[in-house]
Every structure is written in structure tokens, then in C-alpha cells.
Amino acid sequence: MAKGIVQSIIKTIVTVITVLVIIAFLHTCLVPFLSPTEFWWVGFAGLAAPYLILSLSFCIIFWLFSKPKWALLPLVILFIGYKQIAVVFAYNFKNTFNQVENDKSLRIINWNVQSFNGLTTNKLIKKLVPNDIIESIKKIEADVVCLQEFNNSSTEAGNNIGLFKTLFPYYYFSKDYKRNASNYFSGCIIFSKFPIIDSGKIEYPKAESLIFIDVLKGEDTIRIYTTHLQSFKFKKNDYDNIDKIKDQEEDALNASKNVFKKMKPAFKRRGIQADIVQVATSKSPYPTIVCGDFNDVPNSYTYFTIRGEKQDAFLKKGFGIGRSFISIAPTLRIDYILPDNSFEVLQFDMVDEGLSDHIMLVTDLKLKNN
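Add 4 to the 1-based position in the sequence shown for my numbering, that's all there is to it.
I should point out that these hints are in silico values taken from the structure, not numbers from a laboratory. Don't be surprised by glycine CBs; every beta carbon is placed ideally from N, CA and C. A few of these clues could be false.
Each pair of labels, with its calculated beta carbon distance range [stated by the list, open to error]:
# : residue 1 : residue 2 : range
1 : Val-283   : Glu-105   : 29 to 35 Å
2 : Leu-132   : Lys-205   : 29 to 35 Å
3 : Val-283   : Ser-12    : 52 to 58 Å
4 : Glu-357   : Val-80    : 43 to 49 Å
5 : Lys-210   : Arg-327   : 25 to 31 Å
Capping the alpha-carbon separation at 30 Å, the derived lysine-lysine pairs in DSBU-like fashion look like this [as the list claims (entries may be wrong)]:
#  : residue 1 : residue 2
6  : Lys-179   : Lys-205
7  : Lys-142   : Lys-130
8  : Lys-197   : Lys-370
9  : Lys-314   : Lys-272
10 : Lys-108   : Lys-127
11 : Lys-108   : Lys-287
12 : Lys-287   : Lys-210
13 : Lys-314   : Lys-372
14 : Lys-314   : Lys-143
15 : Lys-143   : Lys-131
16 : Lys-169   : Lys-108
17 : Lys-287   : Lys-205
18 : Lys-182   : Lys-210
19 : Lys-179   : Lys-127
20 : Lys-314   : Lys-370
21 : Lys-87    : Lys-372
22 : Lys-314   : Lys-210
23 : Lys-130   : Lys-197
24 : Lys-15    : Lys-210
25 : Lys-197   : Lys-98
26 : Lys-210   : Lys-268
27 : Lys-142   : Lys-221
28 : Lys-98    : Lys-320
29 : Lys-98    : Lys-87
Could you put together the complete structure from these sequences and hints?
Dropping the structure here:
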């Protein structure tokens, strides 16, 4: 009798959990269609998606062994959310990246270099980070390099463009932020081995921008965009608050409120920026590649809006969850290379050199008409 009571209690608890998870997951299914500028909560729903998918899967397994018919509803809900599931995990077999580039392919790097601060607190080692980053890029032998949080100054020590120009003679720099009486600039930059025949910049309402270059490879003109979308601007105390939430410390509620205050406006701003990127990139007259640090996961309005009908190089040739930001959570894939359907994705790799809080993305693309 006692065993029957325990089983009944367990089933009741799992029933309640299943219903709550289904309701929450259905909200994530609305994410691609609702802009966070009006529905700010969709930003949080997108972040929760991988965990809700996992929870729903566990519910299905439980009911398959307990009451198989009851597994049907959560299973149907998973099928309804196929768009959210499809962007979470790449199912390609892990292949060794072929360092030798195809003559007809275009090798692209996308990397947020974290203002060349590196992950070390040692000031002497920190000074070596720019050189270490250029050496890491040099090994990849890329044709085009898109970098976010890139800084440069007119001083000899801060002339980072000078370091890169030895490998890439052509570049376009957004110069989104200016400090020290015009001596220091930071923003996004695109370096190219191919001549740049045109370039441009579209500014967002509040800081940052979308930039592009048109390069001539053989007889083909290719347009490459890069951008760095609104971040949460977390400081050390914010990361401390996140740790308190994870560890369920006494002041976790206050910590949650402080983190929430930064996240909500960031979701809204990214919604506006994503719309700008989508409109701009859709007007490109050439085969187009969009790279950048979107500061948002694949289960977000930002991702679905910018990607549109484009391919995701990671989903095409990568494997796993593809975490590209090394802090906070293991599910944060926030950096992307999105070629349009003019291209074939030949291979993809993620290179973690321990030089930034972001992981370098590398892909080889080939125009289908070649």
C-alpha cells in the first residue's frame, strides 16, 4: 500500500512538471515571431529552450515506462517545436579540419577578441595577447577575418591594425567607440587578403554598428557583413550575482533582480538591431555572408530574424551544442557565420586558443556556381 502511495505521489509530481514544461516550451516556440522590443520575455524564453527540450525529453521517457499513452502529448509538443530543436544541436560527424584550402573556396574567421585583454591577469603576459592572437590567425591561413571588440590606437604598442596588415593588406574598421581624444578606437573590423571594392557602415540607434565589405575573388564579388550586437554589459559583480543564483545563496533573489535589470533592456535593443541587420542584408546585390557576435542564442528572435533563409555554418558542418562563449553557461552559442544559399559549406571548426572569452569560428565556403 505504501508503495502505491509513493508511486501515486511521484506520478502527480511528474504530471505537474510535465504540464509546466509543456507550457514553458510552447512559449519558446513563439520566440521567432515575437520581437523582444514589445515582448521582452521572449528573450528569457529563448535562453531556457535547451533546458526545456531536455526536460521534455525526460518527461517523455518517464511516461513511456509509466503510462505510454501519456507520453504522446509531450512528444507532439516536441514536434511542434522542431524549429527550436533544429538549431540547438549539430548532428554532423566530427571530421578533422583540412588545413589545405580548396583553390575555389573562401576561408573565413569570425572571432570576438575581447579587446585583446586575454584571460590572464598577469600584466606582462597580457601585453603579448595581440601577438598571440595574430599568430593564432596566421596558422589558420584565412582569406577574410571578422573581429569584434577590436581596438586600435596611434601608439606603437596599441597599433593592432599594423600587426594584421602584414597578413591582410585590406581592411575596414567601424570605429564605434572613441576615447582619449581620438587616440583610441574600438569596434568591429574586417580584414581581407582580397581587394575591397566597396565598404559601408550602418549605425544602430545606440552605439555599435553593422559593417560590410565587398571583395573580388576571381570574377565573383562577395559581400561580407560583421556586427557586434548589444551585450548584457555584465561586470564582475554581475557574474558574482549569477554564481549566487546558481548556488541558491540567501540573497539569490536580490541577485536575480540585479541581473534581470541588465538583461531586459539588452533583449529589447538586440531586437531593434536584428531588424536593422535583416533589412540591410536582404538588400545585398551579391552573394552574402553575415558574421558576428550576436550576444544571443540560436533559440532567439535575434538569431531567427538575422538568419532568415541563410545557412548556419555550424549546423551544416559542426557537431554538438557549439558553445562559443566560455562563461556563465554551457549552452551559449552566440557567435555565428551565416552564408546565404549561394554558398556550399565545405567545413567548419571551432578553435579555442585560450586568448579570449569567445572561441574562434572558422569555415570554408564555396560558391555553388564555381
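Going through the earlier hints one by one, which of them does the structure break, listed in rising order? 10 and 24
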